[in-house]
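Given these sequences and hints, build the entire structure.
Going down the list, the protein sequences come from chains A and B.
Take 1 as the starting number for the first sequence in this note's numbering and just add one per residue.
Take 1 as the starting number for the second sequence in this note's numbering and just add one per residue.
Don't read these hints as lab results, they were simulated from the structure.
Here the structure is a predicted model, which means the values were calculated and not measured.
Errors might be hidden in some of the hints.
In silico lysine-lysine, BS3-like type, Cα no more than 30 Å apart, as pairs [as the list claims (entries may be wrong)]:
(1) A/K299 / A/K16
(2) A/K184 / A/K16
(3) B/K157 / A/K130
(4) B/K11 / B/K157
(5) A/K2 / B/K370
(6) A/K2 / B/K386
(7) B/K2 / A/K57
(8) A/K11 / B/K2
(9) B/K386 / B/K370
(10) B/K221 / A/K221
(11) A/K2 / B/K130
(12) A/K16 / B/K370
(13) B/K31 / B/K57
(14) A/K225 / B/K221
(15) A/K2 / B/K221
(16) B/K2 / B/K16
(17) B/K44 / B/K11
(18) B/K157 / A/K2
(19) B/K221 / A/K31
(20) B/K16 / A/K370
(21) A/K370 / A/K157
(22) A/K221 / B/K11
There are 2 protein chains.
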Amino acid sequence: MKNYVHAIPTKLYFGKGQISRLGEILDQFGKRVLLTYGGGSIKKIGLYDEVIGILNKGGFTVTELSGIEPNPRIESVEEGVRLCKENNIDVILAVGGGSTIDCSKAIAAGVFYEGGDLWQMVDSNHGALKALPLVDILTLSATGSEYDGGAVITNLKTNEKLGNMYTYPAASICDPTYTFTVSKYQTAAGTADIMSHIFEGYFSATEDSDLSDHIAEGVLKTAIKYLPVALAEPDNYTARANLMAVSSVACSGIPEYGKQGTGWPCHAMEHELSAFYDITHGVGLAILTPRWMRFILKKDPSCAWRFVRFAQNVWGIEGEDGLALANAGIDRLESFFKESGIPMTLTELGIGEEHFEEMAAHANFGGYLKNAFVPLTNEDIVEIYKACL
Amino acid sequence: MKNYVHAIPTKLYFGKGQISRLGEILDQFGKRVLLTYGGGSIKKIGLYDEVIGILNKGGFTVTELSGIEPNPRIESVEEGVRLCKENNIDVILAVGGGSTIDCSKAIAAGVFYEGGDLWQMVDSNHGALKALPLVDILTLSATGSEYDGGAVITNLKTNEKLGNMYTYPAASICDPTYTFTVSKYQTAAGTADIMSHIFEGYFSATEDSDLSDHIAEGVLKTAIKYLPVALAEPDNYTARANLMAVSSVACSGIPEYGKQGTGWPCHAMEHELSAFYDITHGVGLAILTPRWMRFILKKDPSCAWRFVRFAQNVWGIEGEDGLALANAGIDRLESFFKESGIPMTLTELGIGEEHFEEMAAHANFGGYLKNAFVPLTNEDIVEIYKACL
Numbered sequence: 001m002k003n004y005v006h007a008i009p010t011k012l013y014f015g016k017g018q019i020s021r022l023g024e025i026l027d028q029f030g031k032r033v034l035l036t037y038g039g040g041s042i043k044k045i046g047l048y049d050e051v052i053g054i055l056n057k058g059g060f061t062v063t064e065l066s067g068i069e070p071n072p073r074i075e076s077v078e079e080g081v082r083l084c085k086e087n088n089i090d091v092i093l094a095v096g097g098g099s100t101i102d103c104s105k106a107i108a109a110g111v112f113y114e115g116g117d118l119w120q121m122v123d124s125n126h127g128a129l130k131a132l133p134l135v136d137i138l139t140l141s142a143t144g145s146e147y148d149g150g151a152v153i154t155n156l157k158t159n160e161k162l163g164n165m166y167t168y169p170a171a172s173i174c175d176p177t178y179t180f181t182v183s184k185y186q187t188a189a190g191t192a193d194i195m196s197h198i199f200e201g202y203f204s205a206t207e208d209s210d211l212s213d214h215i216a217e218g219v220l221k222t223a224i225k226y227l228p229v230a231l232a233e234p235d236n237y238t239a240r241a242n243l244m245a246v247s248s249v250a251c252s253g254i255p256e257y258g259k260q261g262t263g264w265p266c267h268a269m270e271h272e273l274s275a276f277y278d279i280t281h282g283v284g285l286a287i288l289t290p291r292w293m294r295f296i297l298k299k300d301p302s303c304a305w306r307f308v309r310f311a312q313n314v315w316g317i318e319g320e321d322g323l324a325l326a327n328a329g330i331d332r333l334e335s336f337f338k339e340s341g342i343p344m345t346l347t348e349l350g351i352g353e354e355h356f357e358e359m360a361a362h363a364n365f366g367g368y369l370k371n372a373f374v375p376l377t378n379e380d381i382v383e384i385y386k387a388c389l
Numbered sequence: 001m002k003n004y005v006h007a008i009p010t011k012l013y014f015g016k017g018q019i020s021r022l023g024e025i026l027d028q029f030g031k032r033v034l035l036t037y038g039g040g041s042i043k044k045i046g047l048y049d050e051v052i053g054i055l056n057k058g059g060f061t062v063t064e065l066s067g068i069e070p071n072p073r074i075e076s077v078e079e080g081v082r083l084c085k086e087n088n089i090d091v092i093l094a095v096g097g098g099s100t101i102d103c104s105k106a107i108a109a110g111v112f113y114e115g116g117d118l119w120q121m122v123d124s125n126h127g128a129l130k131a132l133p134l135v136d137i138l139t140l141s142a143t144g145s146e147y148d149g150g151a152v153i154t155n156l157k158t159n160e161k162l163g164n165m166y167t168y169p170a171a172s173i174c175d176p177t178y179t180f181t182v183s184k185y186q187t188a189a190g191t192a193d194i195m196s197h198i199f200e201g202y203f204s205a206t207e208d209s210d211l212s213d214h215i216a217e218g219v220l221k222t223a224i225k226y227l228p229v230a231l232a233e234p235d236n237y238t239a240r241a242n243l244m245a246v247s248s249v250a251c252s253g254i255p256e257y258g259k260q261g262t263g264w265p266c267h268a269m270e271h272e273l274s275a276f277y278d279i280t281h282g283v284g285l286a287i288l289t290p291r292w293m294r295f296i297l298k299k300d301p302s303c304a305w306r307f308v309r310f311a312q313n314v315w316g317i318e319g320e321d322g323l324a325l326a327n328a329g330i331d332r333l334e335s336f337f338k339e340s341g342i343p344m345t346l347t348e349l350g351i352g353e354e355h356f357e358e359m360a361a362h363a364n365f366g367g368y369l370k371n372a373f374v375p376l377t378n379e380d381i382v383e384i385y386k387a388c389l
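The following block contains the structure:
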């Protein structure tokens, strides 16, 4: 069991109606609010009007940044920083999913960034940055951005999608009813993202960090149980609530406490897909994950014990033959994603192999994935991409 | 799934050697430190000298409060408050187990308490209080006081042992090596305490808060796996680390998020035992728990589903007959405690039935346990006590 430091300053307000606390939450920080959101789905479900009503009643001054993209772009960060500076913003209120929250984190930190070019902030090594306070209202169970300090920002000019640390939300309002109208496609993609956050840490060499592994398996079993329910009954509160609860935990780092780091290989490979083709992050992960699993199991069969545990503890598969069990678990996962209705090949997304080598080189920049559970070379990554066609 | 608010401000520094961060942690708060500890075991293991060395090197001024009792008493709280006021203490450093940390929490809040009589603070309804910052170094995996805001203080004059909310530690240093010398008796009692914290929330009417239940089962399975290892090999790092990791989570509230409250019936009943007889808390819990389980299962067989889940998911017991499964799970738990070597009857502790009615009335003051998983009357509690003889 490895050492760790655990502290997540975010206060989660979980459950139906928690928006009633919004005014008091924001009041801790000030009256000038930058309201950030995406493509307008929050208007369709009436959440925008509800938020504006609360802000008006509370005497807040509101500046808006709308249209934040699904893979949020550096241009939106730049615009947000400009608005914050112009309007002396006290607190950012992000209403949306992980993209809106990610973009808002980079804005919150960008306000204090002294380097000038904000892409330099995205593309440099740093820990948590000085930032404006950020409050969010979550509308999609997926990235876990509501309960971590990281964000992923895209630069379509350079075909780069880079994760980095910025700031934790001060408070996240997680009301599962806001996800009732999320499409089947986004629900399934979001759940694939949640599950991938677990896989990235679960498939680690550490054998003796039991609580982390139990939490990881609990998140996976919860997601596996409730995704089909949410797809069949979009307004099933229990299903939506369980998916939302696990989304926050999955990416929080908690399921990795005490475990050796892995470099998150599927995320590294997926970010290249999104950067080049602007695809839905969770779909890219769902496509990559079973292929990555099969590849590393074949490359280093000594890692099979982890896959056996996955098959037994997550899927409840029984059997004596370790390798057969390991493969059965991967098969079950691939079937699970297929049954959720999302595309499971890159070909279906119109992606061919023309950029695979460039993407592999960037995903593995500086030999980054040499410390993965099973180390990956650029050639390995190209092979995994090809298996996804 | 019920609503919840999640925020634990404590920063956990987990693992071997984390004491190297002590100076920088304390420096955030000031230079005048009240060092609190218990009966001197920290001197035997060299931890006292190490702490004093760090404090001297860092230029801290140290006032000491030693001799804090296993069930910490109001007199120690009073003495600590007096020392803080006299010496203008900036930060309390508690080195020990739950008793030392609990007492230190009450001291930290007592410094600002304006009611005069500190027992009134203990015996009144309040949430978190204004308090001095508290840092702790944990030496016993048991109460989880290192990662919650509560404390239990005893008044031997009135035979009362009352839990209340005070303040969260700002930081907890959790180094499993400090528990290598913990006796078999205290190791087993501490693990019973950890497991009881889970039982109190696990046996709830809520059926659909899956993540909480998975975390609860993960804590139990980890404790069950590693207690025998720690008893057989006291300096097994993996065993001690896993027990320490689950101790913090078990009492944090996290395993109860989304679940209906239960009133923590075993703790309510045990606090009476400790208040009247000053016994080891975890031993009292180990004695009470299987008897309480059998009693409620008999009183209301409709609650059997929870016990079936417990038998299957925690102990891996298989079978078709629900009631047989439920009982088998309870039997396994009782055997587990017995095998750990702690006394499993009140008679062994020299406790007879003379105060049972008074204790039951106090444990159930105002019908407190009418909202338990299976509601308990005073007569029920007397019957449970008698089953423990």
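Hints, one by one, checked against the model:
1. A/K299 / A/K16: Distance of about 47 Å is beyond 30 Å: violated.
2. A/K184 / A/K16: holds, 21 Å
3. B/K157 / A/K130: violated, 52 Å
4. B/K11 / B/K157: Not OK: B/K11 and B/K157 at ~36 Å, beyond 30 Å, violated.
5. A/K2 / B/K370: violated, 44 Å
6. A/K2 / B/K386: violated, 45 Å
7. B/K2 / A/K57: Answer holds: B/K2 to A/K57 is near 28 Å, not above 30 Å.
8. A/K11 / B/K2: Distance of about 17 Å is within 30 Å: holds.
9. B/K386 / B/K370: holds, 20 Å
10. B/K221 / A/K221: holds, 16 Å
11. A/K2 / B/K130: violated, 35 Å
12. A/K16 / B/K370: Holds, at about 26 Å.
13. B/K31 / B/K57: holds, 12 Å
14. A/K225 / B/K221: holds, 21 Å
15. A/K2 / B/K221: Distance of about 20 Å is within 30 Å: holds.
16. B/K2 / B/K16: violated, 37 Å
17. B/K44 / B/K11: This hinted pair holds, its Cα atoms lying about 27 Å apart.
18. B/K157 / A/K2: violated, 46 Å
19. B/K221 / A/K31: Status violated; Cα separation ~48 Å.
20. B/K16 / A/K370: At roughly 26 Å apart (the allowed maximum being 30 Å), A/K370 and B/K16 satisfy the hint.
21. A/K370 / A/K157: Since the Cα atoms of A/K370 and A/K157 sit roughly 28 Å apart, the hinted pair holds (cutoff 30 Å).
22. A/K221 / B/K11: holds, 29 Å
Hints 1, 3, 4, 5, 6, 11, 16, 18 and 19, counting from the list given before, are not met by this structure.
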